[in-house]
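Q: Those protein sequence lines, which keep their order, are chains A and B. So for the first sequence, full-length UniProt numbering puts the first residue at 1; every next one is plus one. So for the second sequence, full-length UniProt numbering puts the first residue at 1; every next one is plus one.
These are calculated hints, taken from the structure and not from any lab test. Among the clues, some could well be false.
As the list claims (entries may be wrong) - Listed next, the stretches of chain B that the computed footprint assigns to chain A, with coverage defined by at least 3 CB atoms under 8 Å from CB atoms of chain A: (1) 2-12; (2) 222-236; (3) 287-298; (4) 303-312.
As the list claims (entries may be wrong) - Label-pair restraints from in silico Cβ distances: (5) Q147(B) to P785(A): 47 to 53 Å; (6) F22(A) to Y158(B): 35 to 41 Å; (7) V531(A) to M1(B): 49 to 55 Å; (8) R282(B) to S449(A): 47 to 53 Å; (9) R472(A) to Y158(B): 40 to 46 Å; (10) R65(B) to E442(A): 57 to 63 Å; (11) F22(A) to M1(B): 18 to 24 Å.
Everything numeric in this text was worked out from a predicted model, so none of it was measured. We put the CB at the ideal spot given by N, CA and C, even for glycine.
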Amino acid sequence: MTTVEQPPIGFGRMHRKEDARFVRGRGTYVDDVVLPGMLYGAVLRSPFAHARIVSIDTAAAQAHPRVKAVITGQTLEGLKLAWMPTLSQDTQAVLATDKVRFQGQEVAFVVAEDRYAARDALELIDVEYEPLPAVVDARRALDPDAPVIRDDKEGQADNHIFDWGAGDEAATDAVFASAEVVVAQDVLYPRVHPAPLETCGAVADFDAVTGKLTIWCNTQAPHAHRTVYALVAGLPEHKIRVISPDVGGGFGNKVPIYPGYVCAIVGSIVTGKPVKWMEDRSENLMSTGFARDYHMRGEVAATRDGRIRALRVKVVADHGAFNGTAQPTKFPAGFFHVFTGSYDVEAAYCGVTGVYTNKAPGGVAYACSFRITEAAYLIERMIDVLAYDLDMDPAQLRMKNLLKPEQFPYPSPTGWEYDSGDYPRALSLALEMAGYEELRAEQAARRASGSDGPLMGIGISFFTEAVGAGPRKHMDILGLGMADGAELRVHPTGKAVLRISVQSQGQGHETTYAQIVAEELGIPPDDVDVVHGDTDQTPFGLGTYGSRSTPVSGAATAVVARKVRERARQVASAMLEVDPGDLEWEKGRWYVRGDQGQGRTIQEIALAAHSSLELPDGVEGHLDATTVYNPPNLTFPFGAYICVVDVDPGTGQVKVRRFVAVDDCGVRINPMIVEGQVHGGLADGIGMALMELIAFDEDGNCLGASFMDYLLPTSMECPSWELGETVTPSPHHPIGAKGVGESATVGSPAAVVNAVMDALKPYGVRHADMPLTPAHVWRAIQGRPLRTDLAIT
Amino acid sequence: MQVPAHFEYERATSVDHALALLAKWGSEARVVAGGHSLIPMMKLRLARPEALVDINDLEELAYVRLDGDALAVGAMTRHADLLASPLVGEHYPIFHEAERVIADPVVRNRGTVGGSLCQADPSEDLSAAFAAVGAAAVIRGPDGTRQVPVREFHTGPYETVVAPGELLVEVVVPVRPGGWRDPVQGAQRRDRFEAATGGISERSERGWQGPGGGSAYEKVERRVGDWAVAAAGAAVWLDGDTIGDAGIGLTAVGAAHFHAPEAERFLRGSPATDAVLAEAGRIAAEHCEPVADQRGPADYKKHLAGELTTRALARAVKRARGEA
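Go ahead and model the full structure; you've got the sequences and the hints to work with.
A: This is how it looks when you write it as structure tokens:
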């Protein structure tokens with residue numbers, strides 16, 4: 001990685017401005033917020049996955065000398081807050097009143113003078129439960145004899161949530177009926193967890209005198225939270241301030257409103273003191289937004305020579321006990337219907353059925369781009385299944401079916417319009433970087449030698465993402481359109497402050513957004529302060545997830561900077577006493593056309609804009625501007641990944657030998673940050689492919705509730721990444737950028753799994769589900785793969 | 001943030017002081033050394049001792065030295081120090097191999113040899129390594145010092161022979177011919193050691209004169225730093241092409257007392273061939289009773305017990321032959 005002494009004035013590599021405080025340990029996270037008189041909350045959680053609550057006795061806890069309040073569902077019922085709406089128009093219990101519906105569900109909340117007392121008091125609460133049978137296996141959730149989980153909902157007689165489909169089913173069936181080859185495969189994307197290093201938490205401070213509620217919360221969407229609090233709790237929106245300070249990773253986990261936040265708010269209102277609630281690691285893994293849990297059956301119709309004609313997918317989606325997925329309203333399966341991926345097919349159809357189970361709610365999280373992770377994994381796994389059955393090289397099979405550059409903008413059979421792409425170029429580059437022919441030759445030689453050494457496997461994945469949600473006519477969350485605002489002020493001395501609606505959880509917004517302003521105005525990035533994460537200080541917008549920051553707020557930033565530039569033109573024309581139309585812009589400066597020496601820098605113009613300079617009629621002083629950006633379409637980043645593994649057939653251990661990643665995210669604002677995002681996502685992919693998993697036993701006990709059980713990959717499992725890039729700008733984005741935050745997480749799991757399956761091909765293994773732990777790989781070799789979402793018995 | 005229940009904290013300044021503190025608090029006290037298992041268990045409130053007796057100041061128990069006929073390892077020796085010790089590497093590479101796969105550098109900097117044995121986790125690595133080489137635990141209590149072979153040290157999961165009021169102070173590992181430069185002198189030392197420790201294994205009919213010994217450790221983990229899915233350690237002493245003596249330690253696979261006596265018996269006097277080592281693995285696996293968990297099903301763990309035993313034996317034999 002190149003280090004840069006002089007930051008670029010605009011796009012290019014530069015160190016992250018925010019790192020100066022992070023590497024010194026001087027960040028301010030929610031748990032660093034300490035207010036005078038602050039109290040501490042703790043949540044009592046259900047030990048059962050499904051049980052009726054017979055009684056809750058809080059007397060002993062109330063009597064604890066350092067306890068200030070004990071809140072139960074009954075307390076909240078009085079405030080009409082026992083239930084809250086989810087981001088998918090369902091309801092979720094804040095504190096359980098009738099039943100508990102997953103292990104770890106919130107039952108009571110204690111507010112005490114310190115954390116120790118709060119935790120001690122939880123043990124003094126006596127809850128009597130009547131255990132009920134749990135629904136653990138999503139595939140059996142709709143069985144007629146399955147216990148009904150949501151008997152709180154009127155008219156809900158089963159565990160069915162929704163049926164949703166996209167594409168032309170009849171046309172797809174017709175192609176299948178006439179296809180030369182049809183392959184089908186059950187594919188599970190198991191339940192995983194985003195597991196940000198900083199767990200979720202909030203400090204709520206209700207000021208009874210002013211009526212103002214201030215909430216420090218590590219949310220990815222502070223404005224959306226504020227509006228939801230206003231709508232649900234009936235608090236006036238201008239009296240609510242949500243501050244999202246430094247956030248230690250989000251990955252979608254920090255989008256929803258969790259019961260703990262609501263309890264902290266109620267605790268502050270009840271006690272009149274600020275209340276801090278920070279969940280611990282086990283609480284985070286057990287109860288907050290999980291990801292995936294898609295049980296898919298994929299089918300491919302093709303010709304005998306490997307021309308893919310149609311795709312058909314049926315999905316059972318496990319949404320847990322409450323449908324709490326965070327996704328645009330019209331899309332209950334997120335953007336899963338981008339599952340035709342990067343290929344030119346005649347027809348496609350997907351049908352998704354959402355079901356309740358006795359597991360934690362959530363579903364859309366972990367850098368998934370609203371279910372595109374599941375879609376990309378499915379299609380890329382299915383391509384390899386087809387290659388296996390046709391005995392074709394998976395690289396050739398992909399090359400044969402990839403969309404051609406001249407097909408863009410490409411209307412997909414499930415309703416998308418891909419903005420731009422040159423797929424063959426990206427795949428060719430990846431193959432070249434990997435030395436694909438040599439790798440295949442090495443593999444052939446090893447197989448021919450008959451040695452009992454490691455089995456070598458080569459896996460390819462080609463993904464297309466759809467990010468930057470989204471056009472407000474198509475997309476909203478709880479009725480809030482997905483456009484984002486930006487405000488830019490230029491001070492008299494030419495320094496600037498940019499206020500944005502999105503919230504960084506480590507993406508480097510303070511750097512990249514300053515670089516966008518620098519690129520547009522010529523103000524050095526160090527002279528641009530980026531303010532975010534405080535609803536009282538920033539314009540409205542829906543926040544950071546789904547790789548939407550650069551496609552939406554990045555565009556807003558470019559647009560607002562261009563507005564400032566136009567205002568500067570007016571001032572410059574007054575300064576130079578020429579018509580504005582006679583001015584030309586070069587980075588950082590307006591000058592007179594034909595006389596480059598006659599010009600004024602943006603800094604000079606800023607000072608003049610605030611001075612006594614006489615301005616023409618209709619030209620305002622100052623250089624401030626605001627905008628709201630409503631994206632005309634999504635952006636479609638893509639990439640080609642190649643993974644090389646060595647598998648020990650005696651133990652089932654997988655070693656990732658190499659990983660080549662070619663990403664095309666359009667124009668790169670700061671290539672170093674892009675590469676960092678890709679590195680992280682690739683590690684995520686190795687984690688999900690090989691080790692990460694939240695499984696449940698038959699009683700619904702969560703088997704992934706600590707970092708001893710929920711394994712995150714380390715640098716030891718990661719090879720030295722080999723990155724490449726192509727640049728196909730987005731034609732509709734002001735700076736041609738597409739967003740990259742989730743690309744590698746979306747694209748990499750399939751490459752790893754395809755590589756392991758390729759290694760096991762001599763054993764006749766066509767598919768095995770993630771995670772490919774040593775045990776599972778060994779069992780796959782034995783022809784007895786594990787059902788990974790259930791407890792190993 | 002996970003917080004433990006209330007407890008009292010005492011900091012020992014000497015072994016005698018530690019014993020006095022343990023006597024004071026009785027069975028409700030727990031010794032804390034590195035704390036990497038105990039403290040998380042306390043934070044999860046799975047362990048709730050009334051008092052912690054902190055022995056981290058007991059520098060007198062932090063050493064690795066050649067003590068007469070044996071390698072003596074103080075109970076407060078950190079994993080990192082065992083890993084860094086050239087003396088250990090010279091005699092028993094098994095310990096360096098085991099240490100390299102125990103947790104991660106942060107844990108190894110703090111975690112101790114004594115703490116690992118006393119925690120008695122059924123998946124712990126050093127328990128298998130010490131069992132393989134026939135080590136003995138030195139335990140001090142109010143009535144003095146006693147030695148217990150490591151193969152008798154564990155009485156069950158998370159249970160050992162260390163009684164309330166006692167402290168594990170040292171582990172002694174016999175330095176044996178083959179691992180020792182002078183086989184004759186080594187044999188005499190071995191006899192003396194066996195007398196001292198109560199015997200590490202059944203006596204080999206073929207005696208102890210051999211060209212060399214070797215040891216190795218093999219572990220399968222789901223991810224670096226994870227507890228073992230299964231692991232096997234082996235120590236082998238060769239007499240020409242014949243196995244004079246062998247020790248096999250196993251962890252995480254339900255092997256009683258972390259070792260495989262039947263396989264060891266089979267190996268003694270057998271030729272050191274691939275087929276013999278494979279059979280030894282099979283015998284070792286046959287006597288294991290692993291339990292299925294998220295690390296793997298029982299059949300897989302049983303398979304690994306055999307596979308890893310055979311692999312560890314093969315590398316130990318290579319080392320004994322001076323080939324590796």
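Q: It remains to establish, for every hint, whether it holds in the given structure.
A: Comparing the hints with the structure gives:
1. With 4 residues having a beta carbon nearer than 8 Å to a beta carbon of chain A, the stretch 2-12 of chain B meets the requirement of three or more and the stated coverage holds.
2. Coverage of the stretch 222-236 of chain B by chain A holds. Counting CB-CB distances below 8 Å, 7 residues qualify, and the rule asks for three or more.
3. Proximity of the stretch 287-298 of chain B to chain A, defined as three or more residues with a beta carbon under 8 Å from a beta carbon of that chain, is established by the 6 residues found.
4. Against chain A, the stretch 303-312 of chain B contributes 5 residues with a C-beta closer than 8 Å to a partner C-beta. That satisfies the three-residue criterion, and the hint holds.
5. In this structure, Q147(B) and P785(A) meet the distance hint of 47 to 53 Å, their C-beta atoms being roughly 49 Å apart.
6. Taking the beta carbon of each, F22(A) and Y158(B) are about 40 Å apart, inside 35 to 41 Å as hinted.
7. For V531(A) and M1(B), the Cβ-Cβ distance of about 29 Å falls outside the hinted range of 49 to 55 Å, so the restraint is violated.
8. For R282(B) and S449(A), the Cβ-Cβ distance of about 27 Å falls outside the hinted range of 47 to 53 Å, so the restraint is violated.
9. The hinted range of 40 to 46 Å is not satisfied by R472(A) and Y158(B), whose Cβ atoms lie roughly 59 Å apart.
10. One distance hint, 57 to 63 Å for the beta-carbon pair R65(B) and E442(A), is violated here, with the actual separation near 49 Å.
11. Between F22(A) and M1(B) the Cβ separation comes to about 20 Å, which falls inside the hinted range of 18 to 24 Å.
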